[in-house]
Amino acid sequence: MALIHDLIFQGGQMLLVLGLAPLLTGFVRKVKARLLRRQGPPLLQPYRDLIRLMRKDVVLAESASWLFRIIPYVVFAGTWVAASLVPTFRSGLLFSWTADLIAIIALLGSARFFLALAGLDVGTAFGGIGSSREMMIASLAEPAMLMIVFAIALIAGSTQLSTMAAFMNSPEVGVRVSLGLGLVALIIVAIAENARVPVDNPATHLELTMVHEAMVLEYSGRHLALIELSSFLKLLLYVSLIACLFMPWGIAPAGVEPVLLIVGIAAYVGKLALSGLLLAAFETAIAKMRVFRVPEFLGAALMLALLATLLRFVSRSF
Amino acid sequence: MVVYALFGVLALVALAPVAIALGASSPATNTVYGASFIVTLALCVIALLALFGHPGPAPAVVLPLGLPWLGAHFRIDALSAFFLVVINLGGAAASLYALGYGRHENFPQRVLPFYPAYLAGMNLVVLAGDAFSFLVSWEFMSLSSWALVISHHEDRENLRAGYVYLLMASFGTLALLLAFGLLAGAGGNYTFEAMRAAHPSAGLAALVLVLALVGAGSKAGVVPLHAWLPLAHPAAPSHVSGLMSGVMTKVAVYGFIRIVFDLLGTPDWWWSLLVLFIGGATAVLGVLYALMQRDLKRVLAYSTIENIGIVFAALGLALAFKASGMTFAAALAFTAALLHVFNHSLFKNLLFCGAGAVLVATGERDMEKLGGLIHRMPQTAFVFLIGATAISALPPLNGFVSEWLTFQAILLSPQLPSWGLKLMVPAVGALLALSAALAGACFVRAFGISFLGRPRSQAAIAAQETDVNSLTAMYFLAALCLVAGILPGLFIDALAPVAQIGVGGHMPVQTGVEWLSIVPIAESRSSYNGLLVFVFVAMSGVLAAFAIHRLASDRLRRSAAWDCGYPDPSPLTQYSAGSFAQPIRRVFGTLLFRAREIGEMPPPSSTRPARLTVNMHDPIWDTLYVPISRFIDYATDRMNVLQFLTIRRYLTLVFVALVLLLLVLAIWP
Chain D
6 MALIHDLIFQ GGQMLLVLGL APLLTGFVRK VKARLLRRQG PPLLQPYRDL
56 IRLMRKDVVL AESASWLFRI IPYVVFAGTW VAASLVPTFR SGLLFSWTAD
106 LIAIIALLGS ARFFLALAGL DVGTAFGGIG SSREMMIASL AEPAMLMIVF
156 AIALIAGSTQ LSTMAAFMNS PEVGVRVSLG LGLVALIIVA IAENARVPVD
206 NPATHLELTM VHEAMVLEYS GRHLALIELS SFLKLLLYVS LIACLFMPWG
256 IAPAGVEPVL LIVGIAAYVG KLALSGLLLA AFETAIAKMR VFRVPEFLGA
306 ALMLALLATL LRFVSRSF
Chain R
76 MVVYALFGVL ALVALAPVAI ALGASSPATN TVYGASFIVT LALCVIALLA
126 LFGHPGPAPA VVLPLGLPWL GAHFRIDALS AFFLVVINLG GAAASLYALG
176 YGRHENFPQR VLPFYPAYLA GMNLVVLAGD AFSFLVSWEF MSLSSWALVI
226 SHHEDRENLR AGYVYLLMAS FGTLALLLAF GLLAGAGGNY TFEAMRAAHP
276 SAGLAALVLV LALVGAGSKA GVVPLHAWLP LAHPAAPSHV SGLMSGVMTK
326 VAVYGFIRIV FDLLGTPDWW WSLLVLFIGG ATAVLGVLYA LMQRDLKRVL
376 AYSTIENIGI VFAALGLALA FKASGMTFAA ALAFTAALLH VFNHSLFKNL
426 LFCGAGAVLV ATGERDMEKL GGLIHRMPQT AFVFLIGATA ISALPPLNGF
476 VSEWLTFQAI LLSPQLPSWG LKLMVPAVGA LLALSAALAG ACFVRAFGIS
526 FLGRPRSQAA IAAQETDVNS LTAMYFLAAL CLVAGILPGL FIDALAPVAQ
576 IGVGGHMPVQ TGVEWLSIVP IAESRSSYNG LLVFVFVAMS GVLAAFAIHR
626 LASDRLRRSA AWDCGYPDPS PLTQYSAGSF AQPIRRVFGT LLFRAREIGE
676 MPPPSSTRPA RLTVNMHDPI WDTLYVPISR FIDYATDRMN VLQFLTIRRY
726 LTLVFVALVL LLLVLAIWP
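Chains D and R supply the protein sequences, listed in that same order. Here the first sequence is numbered in this note's numbering, starting from 6 and rising by one per residue. Here the second sequence is numbered in this note's numbering, starting from 76 and rising by one per residue.
One chain only, chain D, in its complex shape (with noise of 0.2 Å):
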């Protein structure tokens, strides 16, 4: 019986970041057309375009070759399978303890070691651009998340999500200037991942400093489809992940307290539209930066992040 309600909340938890992550981007939308005096998109257009989507035809560049058709699938697969072992809505899920938080960040970055690929497939100059400029950005982003997670892990005494969550719900975390600048390089790091507007900007394609759509120009159709709902599963999963470490309010305890579940649902969506606010709110408020600042950007991460383990070496109480 145990097995049937751990396997139906596993279910449950892929299902609803899998249902939730358009809506999410859909939102961020709206919320930054109306900050620009606009009507824009209805909430629920995301999922249109993907449907649509799904359902044209793909034209596929005559060089592309077979890796160029399976990776949108590889790419859907990581990061849906990555979201879906963050904690959302309940903490100790069936299979949480399949990967840590170190081999879901490596996760996430198999899928982008593979999007790098496609985007050198087909062979023209914006795909490569793309890819390039991922991989340097990558190559600051990813150090800095590491040791973000070592930060935070150091504190917790685990690298294990559910445990990581329970810790920081518990009396026992206090204020701590390590978990601060963490916060913060995390923070940074989110928004380089998640190619938003000081790094890249997901509105455009034709523009100089473009890295994430440069890369999948090339994709079409279903494909493309996948492409762009892992990306809205990526900002999800960065959403909760921050959700979950660094606002654990409301999370449900493992067991089947129908009280607790739906608190912990209320209080996930809730979350959700908090961080969904604040994102398109610093958007609308910045401008976008040159690509050679980014890894100014990134490195300030890295070293905040690298701070934040380095004080927790020093002493325990910070």
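Keep in mind the hints are simulated off the structure, nothing from the lab. In this text, a Cβ means the ideal position worked out from N, Cα and C, and glycines have one as well. Some clues are possibly wrong.
[Stated by the list, open to error] What follows is a list of derived Cβ distance ranges for each label pair:
#1 D/Leu265 <-> R/Phe621: 29 to 39 Å
#2 R/Gly674 <-> D/Val178: 48 to 58 Å
#3 D/Ile267 <-> R/His624: 51 to 61 Å
#4 D/Leu12 <-> R/His274: 53 to 63 Å
#5 D/Met294 <-> R/Pro684: 28 to 38 Å
#6 D/Phe287 <-> R/Arg625: 35 to 45 Å
#7 D/Met294 <-> R/Leu647: 51 to 61 Å
#8 D/Leu12 <-> R/Phe621: 14 to 24 Å
#9 D/Arg298 <-> R/Thr711: 28 to 38 Å
#10 D/Met294 <-> R/Leu249: 50 to 60 Å
#11 R/Gly674 <-> D/Phe287: 32 to 42 Å
#12 R/Trp494 <-> D/Val264: 42 to 52 Å
Model the placement of chain R on the given structure of chain D, informed by the hints.
Frame of chain D; chain R shown alone:
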């Protein structure tokens, strides 16, 4: 066991004269590589039996060879057994590969005699039970590989590579000779048992550590002693390159472990500071160098330096924990290092085989002249992709497991008592994280530019898929990469007796853990399950593909590339290896390599093309090797005078030298 292993080695040694006798005749290639394949496979089985069979100390075999009062000791303990597996698994794969690849050799008589001798040399190093046979085998291995490096000596570059290699190899052996001399002490007992029983003083032990680091490190390719490696490894035929990079650097790691972890006794904590620092620096510098290369095999050689850096960083951690008496954490770090040794031997061999297949098909090692090979060599591309994914430390393949274990060990290090380590370990952690991310970029570049895109030369257009033997060897290695990635628990358990020798403890048994996860410390702390990650990702991907094809659309048509409406037919408009690395060169290389881009635009009315030149400097070569070679030139110039003296002056010199030596003897306590 050790007797059978020695018979195997003897068979390999005996193959060398057979190869000479066969010369360049047509059956020579098949005979030598076929026999090498069978013998290494048998040796691999023997090593596996030794690793799993006998937990206790095995008796040594003493042969009446070498120094008359010493003889030659050979024995197999778990440490040697593990490295024997690495050597012979790599050797078997390389021999199988060479059954196909070796046919394209123009002068097989220059390669065939040395190949089995080289394999025998590596085997003897890890079998040796005393310093004398260790050093003789070490030199045997160095010289036979040197002969393989210069087998294509028509190319002047290869001759230079061979020269630098010979110099560095002799220098490394000198350091090892001194290290063993110090370990043997005044009594001069060269067996490993005697060395283990003797406890050198702290200062002496530190000197031995530094000498071992220099001696074994120069063979393994740690920065700044790596200069020969990216020259020599690519110069050899590809299957030998794979062996040199994937296996011989591991024999060097064995030498370091044997001296520092086994013979030297309890370490001081500050030793680990040195090893950690060198490991971290080697990892980052190696991969940055790799990103700047355009020769595919040289990229792979520099990436070996990176991986050796990771191994040494993990060994440094193990030393730190061992010195602080944290046996459990030391076992974790040590196991991570050994697992990375094993993993790297698999994927580096695989990647060099892939590069060899490309070389045969196109005659090119320059990535700027490749491209689009995935269409003409789909199988090679597939296995090379597996190798590239594994070496970039991405789940669910094996490279990730060893890096993950290293990170878990780093997370245990705040409990270390000394302040130096508390500050050094997180910095090394950041360096390792940086090198892992850069390795991803490096292999996107290596695979993407060589295999994807459109062909950049006629040779790349005319490429043909490689032969069955080569493919079998590569598929075998790729399958092992996957198995070691999804079932790491089996491999960790197999390493338990080895860790017992190195640090006096081992990781908890993993095979009993539910769902075949690995749990290095406790389940609430960290766990990873490669199998489930693999199954989940495969299932989700297949499910998505199936659902979309059934419910939405499965239609597909081909058309010209979109490229934002401006597609250009010339393949030169693609991103090249140089342009792919440009952002990273600008971020990291400006400071490190003093990389400068000089853009030269023609004046407005001129039709001359614009030029972009990139200047880069190798910081280590410029600051270390060039001054040393200048000094030696200068010194030899001065000493040249000594060749043209009169007999009277020579006699004076002899007399002065005699007096001085007698004085030294008189003053010596």
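(request) State, for the Cβ atoms of R/Gly674 and D/Phe287, whether the hinted interval 32 to 42 Å holds or is violated. (result) Holds, at about 36 Å.
(request) Kindly confirm whether 28 to 38 Å is satisfied by the beta carbon distance between D/Met294 and R/Pro684. (result) holds (32 Å)
(message) Within 48 to 58 Å: is that where the Cβ-Cβ distance between R/Gly674 and D/Val178 falls?
(response) Holds: the Cβ-Cβ distance is about 53 Å, inside 48 to 58 Å.
(request) Take a look at whether the Cβ-Cβ distance between D/Ile267 and R/His624 falls inside 51 to 61 Å. (result) Cβ of D/Ile267 to Cβ of R/His624: about 37 Å, so the range 51 to 61 Å is violated.
(message) A range of 51 to 61 Å was offered for this pair. Does it hold for the Cβ distance of D/Met294 and R/Leu647?
(response) 31 Å Cβ-Cβ, so the 51 to 61 Å window is violated.
(request) Kindly confirm whether 42 to 52 Å is satisfied by the beta carbon distance between R/Trp494 and D/Val264. (result) Given range 42 to 52 Å: holds, Cβ gap about 50 Å.
(request) Could you say whether the range 35 to 45 Å given as a hint is met by the Cβ separation of D/Phe287 and R/Arg625? (result) holds (41 Å)
(request) Could you say whether the range 28 to 38 Å given as a hint is met by the Cβ separation of D/Arg298 and R/Thr711? (result) violated (52 Å)
(message) Against the range 50 to 60 Å, how does the distance between the Cβ atoms of D/Met294 and R/Leu249 compare: consistent or not?
(response) holds (53 Å)
(message) I want to verify a distance hint. Is the separation of the beta carbons of D/Leu12 and R/His274 within 53 to 63 Å?
(response) At 58 Å between Cβs, range holds.
(message) Tell me if the beta carbons of D/Leu265 and R/Phe621 are separated by a distance inside 29 to 39 Å.
(response) holds (36 Å)
(message) Assuming the hint says 14 to 24 Å, is it satisfied by the Cβ distance from D/Leu12 to R/Phe621 or not?
(response) Between D/Leu12 and R/Phe621, where Cβ atoms are some 21 Å apart, the hint holds.
Going down the numbered hints, you'll see the structure goes against 3, 7 and 9, while the others check out.
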